[in-house]
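Participant: Listed below, chain by chain, are the residues.
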Amino acid sequence: MEKKENELPTEFKTLSIWDREYKTNFTKKFEKRKPYIAVDPLKVYSFLPGTIQKIIVKEGQQVKKGEPMLILESMKMMNIVCVPIDGKVKSINVKVGDNIPKNHLIIEFE
Amino acid sequence: MALEKKILELQKRRELASMGGGEKAIEKQVAMGKLTARDRINAILDIDSFHEYDMFVQHDARDFGMDKKELHGDGVITGTGTFNGKPISIFAQDFTVVGGSLGRMHAGKITKIMDHALKMRMPLIGINDSGGARIQEGVNSLAGYGEIFFRNTLNSGVIPQISVILGPCAGGAVYSPALTDFVFVVDNISKMFITGPEVIKSVLGEEISQEDLGGARVHAEITGNAHFFAKSEIECFEQIIKLLSFVPWHNGVKSTKIETKEPRSEYKIDNIIPDDPKMPYDVRDIIRAIVDDSDFLEIQELWAANAVIGFGRINGETVGFVANQPLVLAGVLDVDSSDKIARFIRYCDAFNIPLVTLVDLPGYLPGIDQEHAGVIRHGAKILYSYSEATVPKVSIILRKAYGGGYIAMNSRHLRADFVFAWPGAEIAVMGPEGAANIIFRKEISEAADPEAMRKEKVKEYSEKFANPFVAASKGYIDSVIEPLETRKYIMHAIEVSENKDAGMPRKKHGIPPF
Numbered sequence: 467m468e469k470k471e472n473e474l475p476t477e478f479k480t481l482s483i484w485d486r487e488y489k490t491n492f493t494k495k496f497e498k499r500k501p502y503i504a505v506d507p508l509k510v511y512s513f514l515p516g517t518i519q520k521i522i523v524k525e526g527q528q529v530k531k532g533e534p535m536l537i538l539e540s541m542k543m544m545n546i547v548c549v550p551i552d553g554k555v556k557s558i559n560v561k562v563g564d565n566i567p568k569n570h571l572i573i574e575f576e
Numbered sequence: 119m120a121l122e123k124k125i126l127e128l129q130k131r132r133e134l135a136s137m138g139g140g141e142k143a144i145e146k147q148v149a150m151g152k153l154t155a156r157d158r159i160n161a162i163l164d165i166d167s168f169h170e171y172d173m174f175v176q177h178d179a180r181d182f183g184m185d186k187k188e189l190h191g192d193g194v195i196t197g198t199g200t201f202n203g204k205p206i207s208i209f210a211q212d213f214t215v216v217g218g219s220l221g222r223m224h225a226g227k228i229t230k231i232m233d234h235a236l237k238m239r240m241p242l243i244g245i246n247d248s249g250g251a252r253i254q255e256g257v258n259s260l261a262g263y264g265e266i267f268f269r270n271t272l273n274s275g276v277i278p279q280i281s282v283i284l285g286p287c288a289g290g291a292v293y294s295p296a297l298t299d300f301v302f303v304v305d306n307i308s309k310m311f312i313t314g315p316e317v318i319k320s321v322l323g324e325e326i327s328q329e330d331l332g333g334a335r336v337h338a339e340i341t342g343n344a345h346f347f348a349k350s351e352i353e354c355f356e357q358i359i360k361l362l363s364f365v366p367w368h369n370g371v372k373s374t375k376i377e378t379k380e381p382r383s384e385y386k387i388d389n390i391i392p393d394d395p396k397m398p399y400d401v402r403d404i405i406r407a408i409v410d411d412s413d414f415l416e417i418q419e420l421w422a423a424n425a426v427i428g429f430g431r432i433n434g435e436t437v438g439f440v441a442n443q444p445l446v447l448a449g450v451l452d453v454d455s456s457d458k459i460a461r462f463i464r465y466c467d468a469f470n471i472p473l474v475t476l477v478d479l480p481g482y483l484p485g486i487d488q489e490h491a492g493v494i495r496h497g498a499k500i501l502y503s504y505s506e507a508t509v510p511k512v513s514i515i516l517r518k519a520y521g522g523g524y525i526a527m528n529s530r531h532l533r534a535d536f537v538f539a540w541p542g543a544e545i546a547v548m549g550p551e552g553a554a555n556i557i558f559r560k561e562i563s564e565a566a567d568p569e570a571m572r573k574e575k576v577k578e579y580s581e582k583f584a585n586p587f588v589a590a591s592k593g594y595i596d597s598v599i600e601p602l603e604t605r606k607y608i609m610h611a612i613e614v615s616e617n618k619d620a621g622m623p624r625k626k627h628g629i630p631p632f
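Residue numbers (the working numbering), protein chains in the order written: chain V, 467 to 576; chain R, 119 to 632.
Excised from the complex, chain V in its bound form:
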């Protein structure tokens, strides 16, 4: 009657909670969880996939927080992406016409 998949596996993973190491199995979701990366205000990543329509700033340029820096076409909209901090453009990692995925590093500041 019992299905094979319900049988206990012999090898377990270890999950440590409050200094006790439990032997158990992991879910796919738990195994695939991404490590947390702290937000770096000097790096701008794409929040949507899309096409770079226009780049307003230049490398080496001094910029002020809130200035428009490029236009990303996504979700059938022209999204104006603004400068997040006062600073200098260190590098631009895209060119006009580039089709970029989500979480792609677009611009670095210093």
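Think of the hints as simulated: they come from the structure by calculation, not from any bench. For each residue, glycine too, the CB sits at the ideal point set by N, CA and C. Please note that a few of the clues may not be correct.
What the hints assert, rightly or not - Covered, in the sense of this in silico footprint (three residues per stretch, anywhere, with C-beta under 8 Å from a C-beta of chain R), are these stretches of chain V:
1. 478-484
2. 493-507
3. 514-527
4. 540-551
Following the hints, put chain R in place on chain V, whose structure we already have.
Facilitator: Just chain R now, kept in the frame of chain V:
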């Protein structure tokens, strides 16, 4: 004589209508591994019990050449029948008729049978197999969906509502199943999504197959939208029949009592939990060692498997089981398992099904992803659901019950009616290792041999707190029982709760942390 002729005419009309979209379309349906809408209905209901209504309903669309099209039954079959002799209502979308697309009359047939189901207090089964809105009918089609969603909500908690996804179910159509109690999916046949792969590709440039986006496995394992996953339609119908054998017919009655049977002898309740508190076991074996005939129907088996929910019987009557599963993620509570447990508690509470909770958990799962995914809000759902539930509530603490997890898992403090603990139960704010490291931090760090001191202090804490008698001394636990006495104690607890009146305050409704 004239009547005979008219009867012949009726038979001809019936025959034509029952062919749906015609032979070719039926052949195509069968080639996809799918049954026809009528065969699906007959596979669930008692033999020859189905009575169809609105067979001759016709759509009234006039635009885009629709006035020249005759659509049999307007793409959906509705009616009533019996299940184990009890009344039941059902609709099945017919993909062979313009892809089972939903127009005004199609939706009208569905809402009519839904109204019947509510009025007659009988369960409703909806078989979904539809390309979506009938675009030629414009806003009439959207109105139809809205009328269905409204009735799903109205019926919720009054009659059981079951959705069976046996084909595409996309766009707005997905929200009717989402509002019902149980969703059944079949591998390679069910497809559910709000926006399909084509739209995602055109808007976001991301490519994905229908199966990977919203196939049966996705909803059974990742989203939790589906409650039952089957490999074929036949297996799916068996699951539906099994579920219907457990659920009460409406919120004014209890489940149908059947003859009670002792659990099967191969499940030895005192021999399942390992001696080492760090080692796992399958909590479903404990449930099988408790319920009648060891017959346990698990719900959402593949999603958030660190919690187990499902139906069994005790003394011949349906009981809802909630349990931590040490076999998966050590049985922790997290975002998904909280969601899963909380909704199940509300189902049982709505339909007069007593709840039995088996507790063995190290607490909530620590993690940045969990905190950011809202484990506070989701975890609170369990507290809310248990506190609000007025059906008989029994808890058995099998092994560990630490911290917030102890409170959440139907503790005395949330008004469990009976809390029992096995002799090996440990009830504390956290496990002995963590507690000793905090309480005796100074002693440990200042000792000549910190490791030896740590071990000693862990042992000291274990002996003092890692037992059920501290909680029992305060009356938080009603009885410490032997594992072999578990079934007897649960049976008696449910028996004496027969006329329970929880005396909840009057209100329109509460505001659960949705």
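Participant: Now tell me if each hint is right for this structure.
Facilitator: Against the structure, the hints:
Here the region 478-484 of chain V counts 4 residues with a CB under 8 Å from a CB of chain R, which clears the bar of 3, and the coverage holds. As drawn, the region 493-507 of chain V meets chain R at 7 residues by the rule of a beta-carbon pair under 8 Å; at three or more, the given contact holds. Here's how the region 514-527 of chain V fares: 3 of its residues keep a CB closer than 8 Å to some CB of chain R, so the rule of at least three is met and the hint holds. Coverage of a stretch by a chain is defined here by at least three residues with a beta carbon nearer than 8 Å to that chain's beta carbons; for the region 540-551 of chain V and chain R the count is 3, and the condition holds.
Of the numbered hints given earlier, the model fails none.
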